[in-house]
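Visitor: Below are the chains, spelled out letter by letter.
2 protein chains.
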Amino acid sequence: MNALRMSLLAAALAAAASTLAFAATQDATEAPAKTKPMADILAASPKSDWRPLDPENTLYMELPAGRVVIELAPDFAPLHAQNIRTLVREKYFDGLAIIRSQDNYVVQWGDAEEDEPKAKPLGSAKVKLASEYTVPITWDKHFTRLPDHDGYAPEVGFSNGFPVGHDPKLGEAWLTHCYGAVGVARGTEEGTGNGSGLYAIVGNAPRQLDRNIAVVGRVVDGMGLLSAMPRGGGNMGFYEKPEQRTKINSVRLAADVPETGRSQLEVLRTDSATFQAVVEARRNRFDDFYIRPAGYIELCNVPLPVRPKTP
Amino acid sequence: MNALRMSLLAAALAAAASTLAFAATQDATEAPAKTKPMADILAASPKSDWRPLDPENTLYMELPAGRVVIELAPDFAPLHAQNIRTLVREKYFDGLAIIRSQDNYVVQWGDAEEDEPKAKPLGSAKVKLASEYTVPITWDKHFTRLPDHDGYAPEVGFSNGFPVGHDPKLGEAWLTHCYGAVGVARGTEEGTGNGSGLYAIVGNAPRQLDRNIAVVGRVVDGMGLLSAMPRGGGNMGFYEKPEQRTKINSVRLAADVPETGRSQLEVLRTDSATFQAVVEARRNRFDDFYIRPAGYIELCNVPLPVRPKTP
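First to last, the protein sequences are chains E and L. The first sequence: position 50 = 50 (the working numbering), numbered continuously. The second sequence: position 107 = 107 (the working numbering), numbered continuously.
Think of the hints as simulated: they come from the structure by calculation, not from any bench. Fair warning: there could be bad hints in the mix.
Just so you know, same-sequence chains aren't split out, so a pair can sit in one copy or run between any two.
Okay, derived cross-link-like pairs now, EDC-like style, lysine to aspartate or glutamate, Cα gap no bigger than 20 Å in a straight line [what the hints assert, rightly or not]:
hint, residue 1, residue 2
1, Lys34, Glu190
2, Lys247, Glu116
3, Lys36, Glu189
4, Lys128, Asp288
5, Lys36, Asp288
Just chain E, with the same shape it has in the complex (with noise of 0.2 Å):
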C-alpha cells in the first residue's frame, strides 16, 4: 500500500467521523485556511503525474461544430470498447446522427432506422455481447477511494481517470454514471446494447443507471458540443425529424489518424499526489469567494483535468 493510499484511508476514517461532527465544523470559530485555487495545484504538478491518452481508446467523434474526444475504459467493458473499436475502424458512424437530446438526462447517437429494415448494418462488430454493467472488482487495478460517503454504492473513487463504484461484498466494480460519461444504449431487454447507439451524461448525475446499462468511458473533450445540442421535442428528447438531428461527419479511433491530427491531450492521474489535492481543496474550499466550504464532495463533482500535452 502506497503512501497516497494510506492516506486515503485515514481520510475516510476522519470523515466517517465528522459526518457526525458535520454541524460542528460549521460554527467552528477558527476560521479554515484559504484552499489553493486548482490552477495553482494543477500549474505546480509534476510531469509524471499526468498521462497520455491511449490512442487504441481514444475516440474521435467528428461533427460540424467541431471534434468530440472520448477515452474508451476497456479495463470495465473490454467487450464493448473492442466491439465499438470494430465499428469504428468499419466506418458505422460516419453519416449517422445525433438523435436524441433529453434535457438534464442524455444526448444519443446512432443510427435513428436502426429497429427498420432499412437499419445501417453492423459489419463484422457483434450483435449481442455480455451486459458488462458490472465487472469482477479484482479487474480493477487502479483504484483510489473517494473519503466521502456516496449513497449509490458502497464505495467510490476513481480508476485511472474514470470514477467508479465499488462494492467489495459483492466482489463487483463499475463506471458511474456522472456528466460525461459515455455509455452503451439498450433496449427494455438486458443485454440488447452492443455500441452501435451511445450516449453521453448531459445533467444532473443519473446515478440510478449505475449497474444497469454498461458505461464505456467518457468525454475527456469538446463535451459542449454534445451538451449544447438543442433539447428534442419527442417522448425522451428524440428529434421528430430527421433534419433536426446533427450528422456524424465521422467517428474515427486516434490510432487511425496521422500523429498531426491526433488531438494533442493529457489527463492528470487520479492515483498521483496532485490528484488528491485537488479532491481536498476541492472537498474544502475556501477561498476569496467561498466562505462556508462543504467538508465533503460528492463522486460526480470532482474534477478529472485533461489539459493540452506538454513538452
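Chain E is already provided as a structure; the job is to place chain L on it using the hints.
Guide: Same frame as chain E, now just chain L:
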C-alpha cells in the same frame, strides 16, 4: 404531525438502518415488486395534490426561441425576490442578454456591461441587500424530509416544490443548487448580489455553492432553452463577442401578463401523498428496464413534476 410526515420519519429511520445493510439488499434472492411508472402515479393523483403557480412569484423570460418560466421562492430569499420583482416591473432585463454559458455549471444572464460606466441603471431596485444565503429554519413551514443521506447537509427535503437543505443545529434552511435552480450572481465579495444578474444550474448539482450564494427559485418550464445555450469560449464560459449572446426580449411577472398570455401550469405539492409515491418509486426503481434498484435517491435526482393546468 400528519401521516405523511410520520411515514417519512419512519422511512428515515429505516434508511439509516438500511445504509449499513446496503450490500445485503443487493443480493436478496427475492425479486422486489415492480415499481409503477411515474406517469401512472401522476395520472392517478387527485387534483388537490397540485397547486397553481403564484402569478406574483412567477417570471416569464422571453427569449427568441421561446419562454422560460421561473418560480421564485420568497420564503427563502424574500429581499431578493422583491428586488427582482422591482427590476422586472421596471423592465430592467428587457434587451439584456444571456452573457455566460459554462459547461456542467451555469448559464447566466443580465447586463454584460454591469461593471462599466454604461451599465444599465437599476432604477428603484436596491444595489445592496442582506445576503440571504440561508434563512432561519423556522421560516420553512412546508418541509418534507427526504429519507436519504446527503453529504452536503444534515437534512434535505422539499419545501413547497423546492429542494432544500436544513441544519437543525444551526437553525438554518436554504435552497439547494439542483439542476434548474436559479441563483443571484455575485462578485467575489459576500453580499454583492442584488438580482440584476441571475444564473441557472445546467450541470451536475454544484452543491458546494449552497450557503455561499443566494438561490431565489427554479426554472419550471423551458429549461432546455437555457441548458442548450452554446457554451461560451471565454473564461468561466462568458461569451467573448457581443453577437454570441442571446438577447432577452423581455422578463415579465405573470401577474402583469393578461390571463390569456400566461403559461397555464401546475406544480405537484411536495407535501402530498402523490409526491411521496413518486419519491419511493424512484428510490427503488425496478421495472421492465431497471434490473437493479438503487434503494436510494440523491436529492437533486428527485423529479419535481410540473404539468399543464388541468380543468
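Visitor: Sort out which numbered hints this structure fails and list those numbers smallest first.
Guide: none
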